[in-house]
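A.B. asks: Chain S is fixed; fit chain F onto it per the hints.
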Amino acid sequence: MSTSGESHRWIRLIEPACTSCMICARECPSWCISIDSHTEPVEGLPRGARERTRNVLDRFAIDWSLCMYCGICVEECPYDALEWVGALTEPGPSSESLVEEMVQAAVGGHERQEKI
Amino acid sequence: MTEVLPEDWLAAVEALKRDGFDYFDWLGCVDEIGRRECFRIVLVVRNLGGGAEPRMLSCSLPRDHPRIASVAAVFAGAAWHEREVSELFGVDFLGGERRRLLLSPDFEGTPLRKDEVLAARTGMDWPGAKEPGESDAVPGRRRMVPPGVPEPAVWGDRDSSQPAAEPAEVAESAVGGRVRRRRT
Chain S
1 MSTSGESHRW IRLIEPACTS CMICARECPS WCISIDSHTE PVEGLPRGAR ERTRNVLDRF
61 AIDWSLCMYC GICVEECPYD ALEWVGALTE PGPSSESLVE EMVQAAVGGH ERQEKI
Chain F
117 MTEVLPEDWL AAVEALKRDG FDYFDWLGCV DEIGRRECFR IVLVVRNLGG GAEPRMLSCS
177 LPRDHPRIAS VAAVFAGAAW HEREVSELFG VDFLGGERRR LLLSPDFEGT PLRKDEVLAA
237 RTGMDWPGAK EPGESDAVPG RRRMVPPGVP EPAVWGDRDS SQPAAEPAEV AESAVGGRVR
297 RRRT
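Heads up: the sequence lines are chains S and F, in that order.
Count the first sequence with this note's numbering and you get residues 1 to 116, in order.
Count the second sequence with this note's numbering and you get residues 117 to 300, in order.
The hints are simulated quantities; they were obtained by calculation from the structure and are not laboratory data.
Cβ coordinates follow ideal geometry from the N, Cα and C atoms, glycine included.
Some hints here could point you the wrong way.
Not the full set, but computed from the structure, chain S residues with beta-carbon under 10 Å of chain F [as the list claims (entries may be wrong)]:
hint, residue
1, 8
2, 19
3, 29
4, 31
5, 38
Isolated chain F, as found in the complex:
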């Protein structure tokens, strides 16, 4: 995997195409929150005739303002992938197609960001909150929280004298499982 800077992205993709890697395979995005404050854009191109290994390009974009040049002019098929990444992660592809691909026009949010909270579920009773041998979830024990719903102390029922939780804390808390013991 070759890491390139955002400003070199378009040129790097064009160079690969000139070198014979003229088959666009896929473009995706990874939310690296918790490790680094960035989104990683990954693009894979292949050389179908030459028998060479596929080439993978990667580029890190800052989480607070992710923007990168669109490569749809180089590989037209990349437009779909860019539209998907754009609506699911909120990454801005400069010069790319702006229409939505999968989500409805009035949908707000970026569902594949790891700090995205499934807000409608925070107010619902989760069937998995009970322990084996219980008919009612007993509060006060080390409870389970479902994926996508942070523990209340982080999001939803946070101490109002505290500032809102950082995105990394929300993301870490929303992976589901046992509510960890909090140091006070």
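Okay, chain S solo, but in the shape it has when bound:
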């Protein structure tokens, strides 16, 4: 992981902790976080229990051309699903290429980049 001196360079999603609650996307002052999600029924509930649904994250993307590294998303996440890491974000030839897809459920979507 990172040392404290160089930890303010990239924000990583800890996918299992994310509940798609949208709080980070709403708190972001520069509107750089995009989230798509859908709901699925929870299976394996005891007989007679009320049906429940849970949110499933389909897409989580940060546009590094907009992000100003304020860290409000990291601070606000109630599930600690975002964290600072020391690696730098990838440079790119155009502003569109700076959109990093951290989760992409669609078939054919590029693999999540492992940077650490």
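C.D. replies: Only chain F this time, still in chain S's reference frame:
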């Protein structure tokens, strides 16, 4: 905090300086829209040697024509604060420095007034408009609006037979959050 009238502002600051509060700390402004139709100017001075509590002066200026005497002749350091308040709130400091401090010369608007709309954002898709479990923002539900962007019924998509929204209504609507149900 001592409240003074706009016409007594300069004299009150001079009197504090004579009384030994000769260290200027800061000057700021609060847009009190929604409570009162005014801007509140606040000035804090300290007496560094005497151990006295800092003194705070406040003055209310009408929102439609905010003007007050500059105190830059008393405390030269206040000029920066006055220039900042002047460009961010549109308050006129009579006899003060007129140059801009932070904003570019061609910038129009008064960004810290609470009824200032982030107009460029009203036409953009806000990522936070979706609800958890959604991939597309569904219209017709109690939607979220981002801070700085009033709900369309107040600003932008207002019923053209209605007069333009009052500044207080724009300010109340632009704090972000859930679009409130409107009585019809």
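A.B. asks: Output the numbers, in ascending order, of every earlier hint that fails for this structure.
C.D. replies: Those not satisfied come down to hint 1.
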